[in-house]
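J.: Two chains, two separate frames, one set of hints: put the complex together.
Given next are the chains, with one letter for each unit.
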Amino acid sequence: MPDLTYLYAVARESLSCPSGVAGNPVRTIARAGLVAYVSSVPAELFGAEPLRRSLEDLDWLGETARAHHRVVDAVAAVTTTAPVRLVTVYEDDAQVAELLERRSVAFGDVLAHVTGRREWGVKAYTSPAAAAAQAADPDHADQRGGARTCGGDGQAGRPGTAYLQRRRAGLRGREQVRRQVLQRADHIHRALSALAAAGRRHRPQDPRLSGRHDWMLLNGAYLVDEARAGEFAALAGELGGDGVEIRVTGPWAPYSFTVMEPA
Amino acid sequence: MDRISPSGPAIRPTYGAGPANREPANLGDILERVLDRGIVIAGDIRVNLLDIELLTIKLRLLIASVDTARELGIDWWEHDPYLSGRDRDRELMAENRRLRRRLAAVEGGEEADA
Numbered sequence: 001m002p003d004l005t006y007l008y009a010v011a012r013e014s015l016s017c018p019s020g021v022a023g024n025p026v027r028t029i030a031r032a033g034l035v036a037y038v039s040s041v042p043a044e045l046f047g048a049e050p051l052r053r054s055l056e057d058l059d060w061l062g063e064t065a066r067a068h069h070r071v072v073d074a075v076a077a078v079t080t081t082a083p084v085r086l087v088t089v090y091e092d093d094a095q096v097a098e099l100l101e102r103r104s105v106a107f108g109d110v111l112a113h114v115t116g117r118r119e120w121g122v123k124a125y126t127s128p129a130a131a132a133a134q135a136a137d138p139d140h141a142d143q144r145g146g147a148r149t150c151g152g153d154g155q156a157g158r159p160g161t162a163y164l165q166r167r168r169a170g171l172r173g174r175e176q177v178r179r180q181v182l183q184r185a186d187h188i189h190r191a192l193s194a195l196a197a198a199g200r201r202h203r204p205q206d207p208r209l210s211g212r213h214d215w216m217l218l219n220g221a222y223l224v225d226e227a228r229a230g231e232f233a234a235l236a237g238e239l240g241g242d243g244v245e246i247r248v249t250g251p252w253a254p255y256s257f258t259v260m261e262p263a
Numbered sequence: 001m002d003r004i005s006p007s008g009p010a011i012r013p014t015y016g017a018g019p020a021n022r023e024p025a026n027l028g029d030i031l032e033r034v035l036d037r038g039i040v041i042a043g044d045i046r047v048n049l050l051d052i053e054l055l056t057i058k059l060r061l062l063i064a065s066v067d068t069a070r071e072l073g074i075d076w077w078e079h080d081p082y083l084s085g086r087d088r089d090r091e092l093m094a095e096n097r098r099l100r101r102r103l104a105a106v107e108g109g110e111e112a113d114a
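Sequences listed follow chains A and B, in order. If you count by the UniProt record's numbering, then the first sequence holds residues 1 to 263, one letter each, in order. If you count by the UniProt record's numbering, then the second sequence holds residues 1 to 114, one letter each, in order.
Read the hints as simulated data drawn from the structure, not as lab findings. Warning: the hint list may mix true and false statements.
The following residues of chain A were derived to be distant from chain B, with all beta-carbon distances above 10 Å [claimed, not checked]:
{"id": "1", "residue": "GLY23"}
{"id": "2", "residue": "ALA65"}
{"id": "3", "residue": "ASP93"}
{"id": "4", "residue": "ALA97"}
{"id": "5", "residue": "GLU101"}
{"id": "6", "residue": "VAL105"}
{"id": "7", "residue": "THR249"}
Now the stretches of chain A that chain B is said to cover, found in silico as 3 or more residues with beta-carbon under 8 Å [as the list claims (entries may be wrong)]:
{"id": "8", "stretch": "47-54"}
{"id": "9", "stretch": "250-261"}
All of these numbers come straight from a predicted model, not from anything done at the bench. Ideal Cβ placement from N, Cα and C applies to all residues, glycine included.
Okay, chain B solo, but in the shape it has when bound (with noise of 0.2 Å):
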């Protein structure tokens, strides 16, 4: 995303030159506020942005594409090898099982629980 310019010249001078690890806006901090956030006014209005529900498509869907559900949008183990693949296990679990239960039988031994 591109970037603009912070405040510009308008932030007040009392802010002094900030903390150092400071950014300025960008166009998606931008975006995410000017489209999500602000005073929302109902009724007599002639356009506003309830009624473009077209909006959803793109851009919306990346400002909330984190999914709720993920709770803070951490999802890196799902493009991870390793830690990706809950049906995987789930296979390996049962093949697994299925085998122990087969060595137990050969053994004559006691089932083993999984």
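Bound conformation, chain A alone (with noise of 0.2 Å):
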């Protein structure tokens, strides 16, 4: 069976990088100003159908991603990238230089945007015993002294009520704790998206991928000017605070930001 030719990243600069899926070199297509980052790899383990089978084992997965990571990232280190999404594979090479001719317009535009810039992950992070202490904090007692009073004082001998009125309370207090963690998630997405060129939020992971028992609030891609990098780390820093705990991952190649209309 011949090989096929996998695809990694398009970008305008040769590299030599380090090697990618199934440990197979890495080399260069260049057409019409773009250069395409491939390796060979065997139809055996990437046709369609084996690989059906290898994505559902997390192990195979897991080094596979790492792979294809390792590679977008050494190119991406050191010239503008644009990252091509895991198991995209062609025919031949030829193929390929064929897609860099036939697209180049297209790729030409995502490059330009993300010229000069890096990709940031910012994560917030709070415990439900943070939130709630946050919510019950004096600041916004007027809110709960609402909830306390609605149901009206005549009724305060009645234990049903009492009670009903209590759960209400809950109800309402864990509403309320629901709607300040995500106002504070727009703030601080806001703040950083102004700072940013451009700014993603992702949907917050599920614990067992970001490997926390806290809750994620906040998980957003950031696109940054390199001369605003360390601007943008500081006001990810000063956003925390006050049981929100941020966490900054990068620089990334630009995964977030490079959208390419279908041909």
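T.: Set out below in structure tokens:
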């Protein structure tokens, strides 16, 4: 079975880089002012059918994802890079060259957008206890007071009613905690986006993926001018506190900001 | 999840040491990016993730298991015995209403509003 061509990323410069998926060496294909980073992969492993099975194997997937990322990251550290999604596989090199030719304008637009910028990941976490403590803060007591009195005082002697009122206050408190957390996440995202060239909110990660039990209120990605990286990091740090912990990852290749319209 | 070194020596020195609260890229972050982001090329491609729906089963579920309906994935109250149980609330309220109505009838007073 002939080998297939696995595509990692598209850039403008040709560089040497680490080995790719399945341990194969990475090479470049140049066309139309663009450079595609590719490696040969065996069709027995990277055809649609074998992949269907392999991708169910989390160990295989983890290793392949890391190899893919290693190549993308090495190129992106040195030159403007458009990462391509995992397991994007072509019949042969000629097909990739044809892709560069045909989509050269689209790739050019994507690369122009991310030139001189890097992606930073910002996650904000809080624990249920910390969020509840924030909600109980005297600064926010007005709403809670409202919840306590809204049932009227005339029913104080009725245990059922008092119970219901407590329940209602509990539900209201829960809703309030949720709202405050949402507002806090919005605020952090807006502040970071204002400094960044672009910002995107992704779904918060499942605890099994994040490896943390605290809940993630923000999973943001920000495209930041290289010159403003320090400023961005400082701002991210300032936005934490009051029960919210901020974690920054990066710089990443601009994975979240290289959307290309379908051909 | 295991961790790998962030970007290793490939990081440009212009970034310096980076912020103190910066954490290394873990496998979860990498998977999230390489699976859900980056350029998606459709068309004459031989294989891409679009063709491989089976991926939905484990990993995509992991990444997206936090239902968008829950907006921010804040679902901790579902595991909190005090806060959970909307159905139970409804039952309790219904029972409470019944009891109060009964009491009102016995006392010959007015019906209490719920």
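J.: Evaluate each hint against the coordinates.
T.: Now for the hints, and whether the structure bears them out:
{"no.": "1", "hint": "GLY23", "verdict": "holds, 16 Å"}
{"no.": "2", "hint": "ALA65", "verdict": "violated, 5 Å"}
{"no.": "3", "hint": "ASP93", "verdict": "holds, 12 Å"}
{"no.": "4", "hint": "ALA97", "verdict": "holds, 12 Å"}
{"no.": "5", "hint": "GLU101", "verdict": "holds, 12 Å"}
{"no.": "6", "hint": "VAL105", "verdict": "holds, 14 Å"}
{"no.": "7", "hint": "THR249", "verdict": "violated, 6 Å"}
{"no.": "8", "hint": "47-54", "verdict": "holds (count 4)"}
{"no.": "9", "hint": "250-261", "verdict": "holds (count 8)"}
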